[in-house]
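Let the hints inform the model, and build the full structure from the sequences given.
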Amino acid sequence: DGGITQSPKYLFRKEGQNVTLSCEQNLNHDAMYWYRQDPGQGLRLIYYSQIVNDFQKGDIAEGYSVSREKKESFPLTVTSAQKNPTAFYLCASSPSGLAQNEQFFGPGTRLTVL
Amino acid sequence: GESVGLHLPTLSVQEGDNSIINCAYSNSASDYFIWYKQESGKGPQFIIDIRSNMDKRQGQRVTVLLNKTVKHLSLQIAATQPGDSAVYFCAENMAPGTYKYIFGTGTRLKVLA
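Here the protein sequences line up with chains U and X, keeping their order.
Under my numbering, read the first sequence as residues 1 to 114, first letter to last.
Under my numbering, read the second sequence as residues 1 to 113, first letter to last.
These are calculated hints, taken from the structure and not from any lab test.
Mixed in with the good hints, there may be bad ones.
[Unchecked claim] In the PhoX-like style, the derived pairs of lysine-lysine whose C-alpha atoms are separated by at most 25 Å in a straight line are:
1) X:LYS71 with U:LYS71
2) U:LYS9 with U:LYS71
3) U:LYS83 with U:LYS9
4) X:LYS42 with X:LYS110
5) U:LYS57 with U:LYS83
6) U:LYS71 with X:LYS100
7) U:LYS9 with X:LYS42
8) U:LYS70 with U:LYS9
9) X:LYS56 with X:LYS68
10) X:LYS71 with X:LYS56
11) X:LYS100 with X:LYS42
12) U:LYS70 with X:LYS100
13) X:LYS100 with U:LYS57
14) X:LYS110 with X:LYS68
15) U:LYS14 with U:LYS70
[What the hints assert, rightly or not] Calculated from the model, a selection of chain U residues having no Cβ within reach of chain X, i.e. all distances over 10 Å:
16) GLU15
17) VAL19
18) VAL52
19) GLU62
20) GLU72
21) SER94
22) GLU102
[Stated by the list, open to error] Which stretches of chain X does chain U cover? Using the computed rule of at least three CB atoms under 8 Å from a CB of chain U, they are:
23) 71-84
24) 99-108
Beta carbons: idealized from backbone N, C-alpha and C, even for Gly.
In structure tokens, the structure reads:
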């Protein structure tokens with residue numbers, strides 16, 4: 001089955017701790033994205049990567065970090081510097097970051113900071 | 001779902017009726033648009049897309065209409081079914097040939113039996 005997976009589905013973190021959210025795709029897509037979803041708001045872009053070993057900040061990158069060491073994987077770290085990290089995090093991929101393509105979304109990770 | 005749209009506009013329709021969900025987009029230069037469906041606690045699923053050189057595009061039970069004059073997009077669902085209950089939102093591609101999308105906040109569709 002081709003697709004995009006995120007783990008874990010639910011994640012709890014104490015204040016002051018860093019936490020890493022996993023995103024894996026086997027669609028052979030070049031581009032991958034991380035979004036944050038909050039109630040009553042549209043998706044907001046955190047980071048994106050158009051190709052392996054390259055990534056750029058999105059609109060709300062502060063307090064987050066990413067890596068793209070492999071084409072299939074784009075983990076997101078939520079650091080203690082993120083002021084309001086409780087949210088639903090969505091990873092997506094598309095065949096290319098340069099063309100107008102549909103973005104395929106993973107099932108999401110719900111992060112709650114206690 | 002708990003993560004999506006606690007205060008979203010809601011459209012309630014009877015099973016078997018047609019549904020029309022609307023979206024106003026922001027940028028007159030946007031030239032590619034997507035409708036997504038998001039069920040409770042899940043990631044968004046692609047429904048249908050349309051490019052700005054078209055006014056209408058049809059899929060299976062769904063039709064998207066684009067009115068560039070008033071920057072308006074609509075999604076029509078024919079013969080609405082209980083499985084159509086979800087949040088629907090539109091996305092506009094802000095700059096041709098780029099990754100950058102603006103996503104709408106969404107409309108919750110409730111199908112009444």
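Item checked: Hinted pair U:LYS9 and U:LYS71, Cα distance within 25 Å -> holds (22 Å)
Notebook entry, point to check: Does U:LYS71 pair with X:LYS100 here, judged by a C-alpha cut-off of 25 Å?
Noted result: holds (20 Å)
Margin query: Is the coverage entry for the region 99-108 of chain X by chain U consistent with the three-residue Cβ rule at 8 Å?
Written below: Holds: 8 residues of the region 99-108 of chain X have a Cβ under 8 Å from chain U.
Check: For U:VAL19, which was marked as not at the interface, is the minimum beta-carbon distance to chain X over 10 Å?
Finding: Correct as stated: the minimum Cβ-Cβ distance to chain X is 17 Å, above 10 Å.
Check: Do the alpha carbons of X:LYS100 and U:LYS57 lie within 25 Å of each other, as the hint requires?
Finding: Holds, at about 12 Å.
Note to self: Verify this label for me: U:GLU62 is non-interface relative to chain X, using a Cβ-Cβ cutoff of 10 Å.
What the structure shows: Nearest chain X Cβ is 18 Å from U:GLU62, so the label holds.
Margin query: So if I understand the rule, the pair passes when the alpha-carbon distance is 25 Å or less; does U:LYS57 with U:LYS83 pass?
Written below: holds (17 Å)
Notebook entry, point to check: Going by Cβ atoms, does U:SER94 stay more than 10 Å from chain X at every point?
Noted result: Label violated. Min Cβ-Cβ 8 Å, cutoff 10 Å.
Notebook entry, point to check: With d taken as the least Cβ-Cβ distance between U:GLU72 and chain X, does d exceed 10 Å?
Noted result: holds (17 Å)
Notebook entry, point to check: Does the alpha-carbon distance linking U:LYS70 and U:LYS9 stay inside the 25 Å limit?
Noted result: holds (22 Å)
Margin query: For X:LYS71 and X:LYS56, compute the direct alpha-carbon distance and say whether it is at most 25 Å.
Written below: holds (14 Å)
Margin query: Just to be careful, I want the Cα atoms of X:LYS42 and X:LYS110 compared with a cutoff of 25 Å; is the pair within it?
Written below: holds (17 Å)
Taken one by one, the earlier hints fail for this structure at numbers 1, 14, 15, 21, 22, 23, listed in ascending order.
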